[in-house]
Amino acid sequence: QQQVKQSPQSLIVQKGGISIINCAYENTAFDYFPWYQQFPGKGPALLIAIRPDVSEKKEGRFTISFNKSAKQFSLHIMDSQPGDSATYFCAASDGWTGTASKLTFGTGTRLQVTL
Amino acid sequence: EAQVTQNPRYLITVTGKKLTVTCSQNMNHEYMSWYRQDPGLGLRQIYYSMNVEVTDKGDVPEGYKVSRKEKRNFPLILESPSPNQTSLYFCASSLRTSDEQFFGPGTRLTVL
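Line by line, the protein sequences are chains A and B.
The opening residue of the first sequence carries number 1311 in the working numbering; numbering runs sequentially from there.
The opening residue of the second sequence carries number 10 in the working numbering; numbering runs sequentially from there.
For the record, the hints were derived by calculation from the structure and aren't laboratory data.
All clues stand as given, with none of them false.
The list that follows gives simulated cross-link-like pairs (lysine to aspartate or glutamate, EDC-like), each with its CA atoms no further than 20 angstroms apart: (1) K1368/A x D1389/A; (2) K1352/A x E109/B; (3) K66/B x D47/B; (4) K1412/A x D68/B; (5) K1315/A x D1404/A; (6) K1315/A x D1341/A; (7) K66/B x D1404/A; (8) K1412/A x D65/B; (9) K1368/A x D108/B; (10) K1367/A x D108/B; (11) K1412/A x D1341/A; (12) K80/B x E39/B.
Sequences are here, hints too, so could you generate the full structure?
Structural data, given as structure tokens:
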């Protein structure tokens, strides 16, 4: 049973465009939603994270939008650059206020930014 | 430099030959975890450890063992590897599950 569903599986965006990756979750106890970025041959690295007490968090060109009622959150990459080409994973846990033992990951989105 | 190290980075073995993948972190993190990454399936947790001598199963623990005798080390043991364990493995550590998880560089395992 997949608790975090991620789409699309792959995405091609032109340089300067907006990349949007969506995730939906089922467990209403989740209270921490990070996004990880993975370049080929490397381990994932934290990109940006949000807690559900806010609806949006922005860091540079990267923004997380969070819709608690719909149990959805998304990553927006503004002015996408070729250097953003990577695989992106959303994740969720209830470890912020609870004693969660795990971070549940989505299946990943391979983003390619073309010139 | 704060980091998670894994060894070996690449391993080709045969069915049934026991192997160990080592993981070490130098950040004094209490939480450590092993994941496997497969195309289309994302990152799936194998085992995790909340502290020394405290380990528990993740989503896909079958065929794997772990131990946490020291805070910095969390080895992954495959007692009798099978071809369906061919995968890319990552070790990760963090202060808590709600904190940033630091991932190692990965170990690509092929079981023939």
